[in-house]
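Residue numbers (the numbering used here), protein chains in the order written: chain A, 386 to 543; chain B, -8 to 400.
Mixed in with the good hints, there may be bad ones.
What the hints assert, rightly or not - Far from chain A, some chain B residues (derived; all Cβ distances over 10 Å):
#, residue
1, Met96
2, Phe109
3, Thr266
4, Val392
Claimed, not checked - Chain A regions said to be covered by chain B (calculated; three or more residues, Cβ under 8 Å):
#, stretch
5, 429 to 436
6, 502 to 510
Don't read these hints as lab results, they were simulated from the structure. Quick reminder that beta carbons are idealized off the backbone N, C-alpha and C, glycines included.
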Amino acid sequence: MPLFRPNDIRIAAHLSALLVAALGPRLACATLGEPEITVQSDVAQLRASIKSSEDRVGFRVHEIQLPGGTLLREFVAPDGNVFAVAWNGPTKPDLRQALGKYFDIYASAPRATPKDRRHMNIQQGDLIVQGSGHMRALSGRAYLASALPSGFNLGELH
Amino acid sequence: MAFMRALRVGLGAAICVSAISCGGGGGGGTTPIPPPPGPTANTASVVVDQGPSANSVNTLFTSVKVCVPGSTTSCQTIDHIQVDTGSYGLRLLAPVLTLTLPVEMLSGGGSLAECTQFVDGYSWGPVALADVQMAGETGKSVPVQVIGDSRFTSVPAQCSSTGGTQEDTVATFGANGILGIGPFETDCGDCDKVVRNIYYACATTSNCVETLVPTAMQTTNPVTRFAADNNGIIIDLPTVANAGAVTLTGSLIFGIDTQSDNKSGTQTVLTVDGTAELAMTFNGTTLANSFIDSGSNGIFFADSNIVTCTNPNINTFYCPANTLTLGLSIQGANGVMVNNLTFNVGDAQTILSTAPTNTYFVLPELAGTLPAGNAGTFDYGLAFFYGKRVAVAVEGNKTSVGTGPYFAF
Chain A
386 MPLFRPNDIR IAAHLSALLV AALGPRLACA TLGEPEITVQ SDVAQLRASI
436 KSSEDRVGFR VHEIQLPGGT LLREFVAPDG NVFAVAWNGP TKPDLRQALG
486 KYFDIYASAP RATPKDRRHM NIQQGDLIVQ GSGHMRALSG RAYLASALPS
536 GFNLGELH
Chain B
-8 MAFMRALRVG LGAAICVSAI SCGGGGGGGT TPIPPPPGPT ANTASVVVDQ
42 GPSANSVNTL FTSVKVCVPG STTSCQTIDH IQVDTGSYGL RLLAPVLTLT
92 LPVEMLSGGG SLAECTQFVD GYSWGPVALA DVQMAGETGK SVPVQVIGDS
142 RFTSVPAQCS STGGTQEDTV ATFGANGILG IGPFETDCGD CDKVVRNIYY
192 ACATTSNCVE TLVPTAMQTT NPVTRFAADN NGIIIDLPTV ANAGAVTLTG
242 SLIFGIDTQS DNKSGTQTVL TVDGTAELAM TFNGTTLANS FIDSGSNGIF
292 FADSNIVTCT NPNINTFYCP ANTLTLGLSI QGANGVMVNN LTFNVGDAQT
342 ILSTAPTNTY FVLPELAGTL PAGNAGTFDY GLAFFYGKRV AVAVEGNKTS
392 VGTGPYFAF
């Protein structure tokens, strides 16, 4: 059984657009740790399009195609909240939008010594942000350790 | 110190040759018959050391001389520019730059600025023009990025929203600049057609919006703008003891098969794909998104059988009880395979914290993990270059053994 009927998110999309229009940016700055409906506010904010929405065993993935060529994937748990995001492409996505309230924790976390421009592994409480790559090909992921669905394989998070 | 002396000798050569190559232009009068041209000095010295902010290991540096375009006097030689085959273009840290380089102006109005994204952060600053000199080679009016320029302190939200550290000081950047000499010509490629949150048009220095930008104005691998020896580079580093070394000096040679000192010989050519990646086979698994990268300061791959360090500061590095010798194959996009390579994985805790290696900056056995989501990647860093002569040919350029983009060794 899929966790959601595929059309739900599209209906939610229209509702979300209306809500965003009505409520302004308050709703728009949320994703990681927020309800699935915020996937749509991401799409609107990022001038992007949903490429696919796929139900997998125990979670759902929305793949968002950003205009600059980068793919952003948002992972939704059975409780309806986004528990992870992952990206890969020539540039990074708007992580302030995708990480929502967790962005500042990520941005201000101490960085590695020795200096390492090619990898990132940040653990701040529940938040884990990891990345690797080089110019023209950057990838990464962020997730909330306590929000992973039971039995979730981190290897799926890319 | 020996390597500083070598750098100074190299710079002396650069100054001499550029003086000879100047002149020309002007009309009327008799032109003296020029002496027969000798070979252009095409070798710069490179060094692995602690870097200008004393927090680097396995990081390769060189010196670059930049001049205000057309000037032979408004010039500056900047040391500790990181040599990076994993990026494209020269970027200078404004705090060490004493020159005022002219910022590129877009035909539609506004000055050109750039948001350069790294895995762990971003750098912001204008794209300016400079004559770039290394050894006897000169590139005229090369677009270079000036990172942390005090005139452009207002970072667009879209750039800072990519997150991480703003790397606009020598301390945060870990170098006085970076010399991107990988196998492509520009840092974006198609930013003349696609807006990628890289290039910005600034009506004022604090009012910048994303823009398309002609290829010729994009931050450019300066080697491709040299008058000669411009089809690629060779990095030639001596063999290092397994335990490592305090420092290491070697050569950065410009051009491939353009002079007697940069011949391909019997090197094996491995071409790379559109993101400069190739396939590496490790532990029986082929990792399609792998790369050879002088800008990576370790050997990074996923292997759940190797224990990671317990020290929380380095817990993404490997700490095996005994040094491991592991095998690797590399296959180019052209299908050519190099088998039977080996590399060592040492105990990072011991390497970084106990004498004598805790005072070394050349650490060939330093290796670390990649997040599981990047299981398709093997990132073979500067250690790959130790004891090798590695050629990097730029896209679309021919050598006697192939056409770039490729790595050969």
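We went through each hint and held it up to the structure:
The claim that Met96 (chain B) is not at the interface with chain A holds, since no C-beta of that chain comes within 10 Å of its own (minimum 24 Å). For Phe109 (chain B), the non-interface assignment is contradicted: its Cβ lies about 5 Å from the closest Cβ of chain A, within the 10 Å cut-off. Its closest Cβ contact with chain A, about 4 Å, brings Thr266 (chain B) to no more than 10 Å, contrary to its assignment away from the interface. Against the 10 Å criterion, Val392 (chain B) stays outside the reach of chain A, whose nearest CB is about 25 Å from its own CB.
Coverage of the stretch 429 to 436 of chain A by chain B is violated in this model, with 0 residues showing a Cβ closer than 8 Å to a Cβ of that chain against a need of three. Figure legend: the stretch 502 to 510 of chain A, annotated as covered by chain B; annotation consistent (5 residues with Cβ-Cβ distances under 8 Å, at least 3 required).
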